[in-house]
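As a plain string of letters, each chain reads:
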Amino acid sequence: MSALPLHAQVINLLAAILLLLAFAMLTQRRVLSLIDLFAAQGLALAVSTGIVAAYTGQAHLWWSAGITLALKVVALPWILHRLIRRLDVKWDVERLVNVPTTMLIGIVLVVFSFNLAVPISQLSGTITRATLGIAMASVMLSFLMMITRRKAIPQVIGFLSMENGLFFAATSATYGMPMVVELGIALDVLVGVLILGVFFFQIREQFDSLDLQHLEKLQEGE
Amino acid sequence: MIEILAVLGFPLAGAAALAFTGARREAPAVNIAASLATLVASLALTARVFVDGPLLALDRQFFVDPFNVFLVALTAFVGFTTAVFSRPYMRIEERHGRVNAARLRLYHSMYQLFQFTMLLALLTNNLGILWVAMEAATLATVLLVSLYRTPASLEAAWKYFILCGVGIAQALFGTILLFFAAEKLLGGGGGALLWTALDGVKGQLEPTVLSIAFVFLLVGYGTKVGLVPLHNWLPDAHAEGPTPVSAVLSGLLLNVALYAVVRCKVLVDGAVAHGFARDLMMGFGLLSVVVAAFLLARQKDAKRLFAYSSIEHMGIMTFAFGMGGPVANFAALLHMTVHSLTKSAIFYTVGHAAQKAGTQVIEDIRGLLTLSPAIGWGLVLGTLAILGMPPFGVFASEFLILTTAMNDAPWATPFLLVALGVAFASVFAKVQPMVFGEPTTKRLPERPAMVPVFVHLGLVLMLGLWIPPFLAEWYRQAARLIG
Amino acid sequence: MTAAGILSQFLQAGLALALAPLLVGWVAMCRAWLANRSAPPITLPYRTIRKLFAKDAVVAHNASPIFRLTPYVVFGAMVCSAAIIPSLATEVPFAAAADAIALVGLFALARVFIALAAMDIGTAFGSLGARREMFVGFLAEPALLMVLFTASLISGSTSLPSIVDTLAHRELAIYPSLAFSGVAFTMVSLAENARIPVDNPATHLELTMIHEAMLLEYSARHLALLEWASALKLLNYSCIGLALFFPFGIAGGDGDWGAIALAVPALVAKLGAGGFALALIETVSAKMRIFRAPAFLGPAFLLAVLAMLVHLLLGS
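Protein chains in written order, with this note's numbering: chain B, 181 to 402; chain Z, 37 to 519; chain E, 1373 to 1688.
Keep in mind that the hints were calculated from the coordinates and are not lab data. Keep in mind that a hint or two might mislead.
Unchecked claim - Derived list of chain E stretches under chain B, where covered just means 3 residues or more per stretch with a C-beta under 8 angstroms from a C-beta of chain B:
(1) 1548-1557
(2) 1584-1592
(3) 1680-1686
Owing to the predicted nature of the structure, the values given are computational and were not obtained by experimental measurement. Idealized CB from N, CA, C, for every residue including glycine.
Produce the entire structure from the sequences given, and follow the hints as far as they go.
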């Protein structure tokens, strides 16, 4: 059995936890728990970025860990909580159709992305290269979550967790993108969520609900 | 250097100024002035590049070569004419009670911000910044699409945000993979995402990683180009947003997204020997052309109709860029220009026509020619131009693409020909009764802005008959760069 | 084949037989403590078994030979599995037969017989229990197999002793895959051993029973054997879990006496801790409706599959 250095082991563990959380989000029906899961995912992300930063000594990764912590563990969940309170959808429970099928599709997606990632990982020089497959799988799972959800807030959380997966790919698998890019991405995410917050109110004003089934009027040929 | 800063600075300053003063009466004029300043700056930049050749500036973060400077000029030009058009158009909308002063402020500010993000996407040398700018462009236009706050426009904006957000996330993954492949050669610092640096070492980049990265990039940016099957957001966003926004979406944003795809293709072509990117782009392009052409016949909404036409034309360009080679690239660049000009002109006229009729439904818009000959003729000529009738420029570019395809990819030509034929029949059959027939329209409170329409159509006509030598030389240089 | 090996083989089976009722008693005792009740004596299961052996058996008129045979088959299967699970040492005579898949097969054999016997008499509760048992088994078995596959992937063999050998002698490191399969295995064990939250071993409500419903028609020595067998099953599952995820103290291949002497107290201590953990889980969770069982075992299967995939990808 190969002996990875401790930091790589911890990153692998965090990667596995990230994947697990992605699955948990896929099947979680309560909006509030969904936000908690999202925050937990952000925390795992921040910790793994911090470990990579400590190991590689790249100063900008500390920044990016800090941004992740501030944005994804504190700011975004706080904004979402506030939104939920203001919109009064705190106890929303979504009816999910066919959780087992969703899970099986999720497993298939994981297998697919692992397969896709294997040739790439073999070429990488970083110790934690194997996490690229997990990052890809998280992205795919969030994608699946967005497809299966019918309500606005869970869909947005799916979108954000997709961003998490991407960030994980950037930090753990490649040891970080250039700082400007990370700042830009973080800014985009924040602005996006703020815009969506405004959007939620508009949607509610118009439809009296955040159920996206109302948003299926525009069809071909109409 | 100073030109680049000016090109980016004017729209940004305009956005800031309009955010504070946008509700005033003179806001449209400020909007036009900022766009004009951008246009002048971009022309100066163009002249500079034309004289001095490609240009790297600001710690290699910005890169200008004939390919993107041509798009910068086009973007600034159409941005300016659209600003001119939007002044009377939005006033009429305000009179009709569809927007209020606060929304107009948002509109003007976001319009300039949108210009800024597109120009940034074009000028940056950093593929990461390119991604950020594309995402920012999405965010800016989401607010523009939902400007009317009607249920339909909210739905369109939501769809647009989610679909493009997902798409652009794929593009980010592709960018990360690219970085992943490059950092071994260029080191982990800021250099590994610079397009010029990547271009220098593209022969040594890992082919497997690059082909996977390209799939993600094509899917991601292709969503914004409106390639089938990722096109669902496009007709909704075009139909439900204000007309000037439809014009810049179709005329400019789609181009910028395609620009991103082509930049990535250049890298992949250098790394992957067999025509991997070529086949993918040709396939997606052809699929878009065919599917969009057949969907055209089912449209009942005038703006949706032309939105599908945009999908079709973006498909043609993607196909041509995919095919590659000097002639096809030349034709694709020409097609980009004439499509931008024609399609924005059409949206201007359709917007006014819809204002006159009080609806966008094709069947309820009748007899435009009788009441307003300018709008009627504008629509007829624009439609003829976009359908590829000689002597307009679209004919020239489509003809070039078709002849090259006959030579390089003979299997594709029947599909292209059939699709173009179907598109012609369906669009013309729908536009003809709108223009002729018994009028159902009413008078508008302000004079429609028809000058931009005829300026655009005049340019398209000119490009069909005679391409100025410097422009041809410019296209040739850009086509060589793309390879 | 050393003398130490043969001795540890006998010790393993004998200890399992002797300790199984004790483990059940210990869990019941811990549950009582945690619920602030006065605990029943830890030897209660022994007394129950002895009492049942002393009674005369009553068998329904329409019972077929399967009904009479089942207690012996089930008990035998459990003793066999106790003999092949490397709970004390890995170098034992039965090691050649100790295959992970064979083990799952033994459990399945017991399950099939007990379900057949429950349906044999034709009472409503028996059939109900059998159906539910098969339902739970259908959900739990794939997850159990996945857990064992993950373990065998790590060691490159499906033979239990070599799996345990590899796991016991690896370097100390974080294994996400083992953590995942450990959780999955715990969930499967709860379901397979008719514990809360899937079933309640202490219930008196026939309508909610699963395991108990199948034993309603048995009496005397048959019942005693079945009770003993289910205690053995709990012990077996605990031993598998301990051997896979906490393989410390298990005697290695060299078969020296000291290691075996050390393995026995280690096993007892680990079982004690495991029993307490089980009581804790049972105390803090509530029994779920039978139709929610997929919602409990689905994630177990998912975890097991993820563990395997993560192992394949990360190599850890």
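Each hint tested on the structure:
1. 1548-1557: holds (count 4)
2. 1584-1592: Violated, because only 0 residues of the region 1584-1592 of chain E bring their Cβ atoms closer than 8 angstroms to Cβ atoms of chain B.
3. 1680-1686: holds (count 5)
Checked against the numbered hints above, the structure breaks only hint 2 and satisfies the rest.
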